[in-house]
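> These protein sequence lines map, in sequence, to chains B and C. Counting in UniProt numbering, the first sequence runs without a single skipped number right up to 218 at its last residue. Counting in UniProt numbering, the second sequence runs without a single skipped number right up to 117 at its last residue.
Hints should not be assumed to be uniformly reliable.
As the list claims (entries may be wrong) - Which residues of chain B face chain C? A few of them, derived with a C-beta cut under 10 angstroms, are:
id	residue
1	Asn49
2	Lys85
3	Phe218
Unchecked claim - Just a sample of chain C residues kept apart from chain B, beta carbon distances all over 12 angstroms, derived:
id	residue
4	Met1
5	Ile6
6	Val9
7	Gln10
8	Thr11
9	Arg15
10	Ala31
11	Asn36
12	Ala50
13	Lys51
14	Asn55
15	Val65
16	Gly75
17	Glu84
18	Arg92
To be verified - With beta-carbon atoms standing in for the labels, derived distance ranges:
id	chain 1	residue 1	chain 2	residue 2	range
19	B	Gly101	C	Gly44	27 to 35 angstroms
20	C	Phe46	B	Glu140	38 to 46 angstroms
21	B	Ala210	C	Gly63	24 to 32 angstroms
22	C	Tyr78	B	Ala165	44 to 52 angstroms
To be clear, the hints were calculated from the coordinates, so they are not data collected in a lab. Note that the structure is a prediction, hence the values are computed from the model and not measured. By construction, the Cβ of each residue, glycine as well, lies at the ideal position given by its N, Cα and C atoms.
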Amino acid sequence: MEKHVVVIYPHPDDEAFGASGTIAKFRSEGVPVTYLCGTLGEMGRNMGNPTFANRETLPEFRKKELINACNVLDIELEMLGYRDKTLEFESKAEVAEHLKGFLDEIKPSLVITHYPGYAVHPDHNALGAAAIEAVKRMGEADRPTIWAQAFSRTHLEELGEPDVAVDISPFFKKKMETILAHQSQASGILGGMDPATADLEAIAKERLGAERFYTWKF
Amino acid sequence: MDPIHIEKVQTELERYLNKDVYVHLETTNGAYASHNDENAYNVGAFIRNAKVRYNHAKIVGSGNVYRVGLKLDIGWVYAEGLSEYEVDDQNRLLMAGHDREGRLMVTLEISETPFHY
């Protein structure tokens, strides 16, 4: 059994779409989970549908949504304070040291993050790389396992099949609840549909039914 | 935000004439454009808290989509595709254009104080 799981993603809702089934599974086993969330998604395009946020109010909405989502999952949350879209321009070493501070403190047995180069959004790739660098900077004996998540178009042909596949079907309701906690983002990302009429759950099940990861090899 | 009312926005733009103001200007088609459609390109740009002073401003357009040009001593600020606006609780002028799904495509914002970083 894992001792403590740390999830490192850059945006509020990455945890929901990417790993909330897995997180719910760990929580059901009593494993503590901490989410290190890089930014507040300040530069997101989705403003709710119909729109209720604007560029200046979006971070406050997303912060509340993030806190709600973490309450749904019953996990600890640390907001790292970077700005959306800018993570790849920060010093990787500085971000890695920042993350390492949390890892040294929490001493997780597992870290979940994005697979650098295969996670589409530049923030995903940059924070994933910094997370892996942070673990690399730990003593070999202290290093947690890393599960890296890839979803670029070419990831399967270039990386092969992921070695970790979490069956999230028992936790799908929790995953939906977590996604829907991100009210400003959910409907836009689940297909740009009217949440009143669209069957978001069916869409999510089809698109997000599996959570798969690659165990990182140093 | 409300649909742009051209006379009201023109008045708001003129409120900042010949003052030092901070501008947030942005356009984006999202970080997933080429992921969702192989033939698409990701395109985006933003500048946050550019400090400018403009001496002439105009909003132009027809139907419900507008362009705004701010004339500086040595240049211009320009945005196209604006359809909504609001003067927020900090008295800042926010203008934006969204796609049919409510996703932001362009925004131009003007404030006498810096936008929160």
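> Against this structure, judge whether each hint is valid.
Outcome of the hint check:
{"no.": "1", "hint": "Asn49", "in the structure": "holds (4 angstroms)"}
{"no.": "2", "hint": "Lys85", "in the structure": "holds (8 angstroms)"}
{"no.": "3", "hint": "Phe218", "in the structure": "violated (28 angstroms)"}
{"no.": "4", "hint": "Met1", "in the structure": "violated (6 angstroms)"}
{"no.": "5", "hint": "Ile6", "in the structure": "holds (19 angstroms)"}
{"no.": "6", "hint": "Val9", "in the structure": "holds (15 angstroms)"}
{"no.": "7", "hint": "Gln10", "in the structure": "holds (20 angstroms)"}
{"no.": "8", "hint": "Thr11", "in the structure": "holds (20 angstroms)"}
{"no.": "9", "hint": "Arg15", "in the structure": "holds (18 angstroms)"}
{"no.": "10", "hint": "Ala31", "in the structure": "violated (5 angstroms)"}
{"no.": "11", "hint": "Asn36", "in the structure": "violated (10 angstroms)"}
{"no.": "12", "hint": "Ala50", "in the structure": "holds (15 angstroms)"}
{"no.": "13", "hint": "Lys51", "in the structure": "holds (17 angstroms)"}
{"no.": "14", "hint": "Asn55", "in the structure": "holds (26 angstroms)"}
{"no.": "15", "hint": "Val65", "in the structure": "holds (16 angstroms)"}
{"no.": "16", "hint": "Gly75", "in the structure": "holds (23 angstroms)"}
{"no.": "17", "hint": "Glu84", "in the structure": "violated (8 angstroms)"}
{"no.": "18", "hint": "Arg92", "in the structure": "violated (7 angstroms)"}
{"no.": "19", "hint": "Gly101(B) with Gly44(C): 27 to 35 angstroms", "in the structure": "holds (31 angstroms)"}
{"no.": "20", "hint": "Phe46(C) with Glu140(B): 38 to 46 angstroms", "in the structure": "holds (41 angstroms)"}
{"no.": "21", "hint": "Ala210(B) with Gly63(C): 24 to 32 angstroms", "in the structure": "violated (45 angstroms)"}
{"no.": "22", "hint": "Tyr78(C) with Ala165(B): 44 to 52 angstroms", "in the structure": "holds (50 angstroms)"}
Of the numbered hints listed earlier, those contradicted by the structure are 3, 4, 10, 11, 17, 18 and 21.
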